[in-house]
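Q: Using this note's numbering, read the sequence shown as starting at 9 and increasing by one per residue.
Hints are not guaranteed to be accurate.
[Unchecked claim] In the EDC-like style, the derived pairs of lysine to aspartate or glutamate whose C-alpha atoms are separated by at most 20 Å in a straight line are:
1. Lys101 with Asp202
2. Lys240 with Asp252
3. Lys62 with Glu182
4. Lys101 with Asp195
5. Lys101 with Glu69
The hints are simulated quantities; they were obtained by calculation from the structure and are not laboratory data.
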Amino acid sequence: MARIHQQTFGEGKPIVLVHGWAMHSGIWRDFAEQLAQNYRVTCIDLPGHGRSEKIADFTLERLSGALVDAVADESSCWLGWSLGASVVLEIAKRFPGRVNSLILLAGNPSFIRTARWPGMKAGLLDAFAAQLNEDCQATLLRFLSLQVKNLPDHKALLRTLKAAVLECAAPGNETLQGGLDILKHSDLRPVLSDTSVPVSVILGAHDTLVPVNAGQNMQELAPRITLNIIDKAGHVPFLSHPQDVLAIISRFMDEQCI
């Protein structure tokens, strides 16, 4: 079994934070410390990311099992950012007893754009996959730039992202390609539609990776979800607008009788 790195801060209702593609749990540091003033927050590295050991098959089934095995055996709120949102939806599907609520932060249950669903162009993910084989570091930097594109403070945010990501070695190519494969091929809309736990969706109005109108589609699919749009945020609202995200999470958590 792969060793999964995690850290826990604070006391209160448990929240597990799951990061996005090519990242690691260090990206949460300042945000997690603020969130931990009111909750017990666990930051966890996906397999092959940060300080977690890699796994042979980087699939949603393997990821969800590895994370659930690694954290305390209790029912928690699982917060997933970007790729992490796909992971926490899979956890809700496979381990419903371990999930009492979900927060999807800049996530999309079906990441790729189709005629009936807003998302990212498949060709862009394909380009990332091809470029990884040629120049991994340049591809990762391009991906970071996309996350803060068109934001007023994009230069400062990009520096923050780069500093956090470079704290640890980049994931291996096999792991990165596995993450892109999940984003391209996974459709977790049935999970979102069928889950009985409370769900909060937090999107940035200027997100270049998850179109803001995906929120309306999610709400039509699952009318019980709570949809929150942060007007001037992009794909990293917990970095650009931490107080807004903290307020949304606090409201959501306080409404849950857990």
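Q: Could you run down the list of hints and mark each one as holding or not?
A: We went through each hint and held it up to the structure:
1. Lys101 with Asp202: 9 Å, holds
2. Lys240 with Asp252: Holds - the C-alpha atoms of Asp252 and Lys240 are around 11 Å apart, at most 20 Å.
3. Lys62 with Glu182: 10 Å, holds
4. Lys101 with Asp195: 12 Å, holds
5. Lys101 with Glu69: 10 Å, holds
Hint compliance for this structure: no hint is broken.
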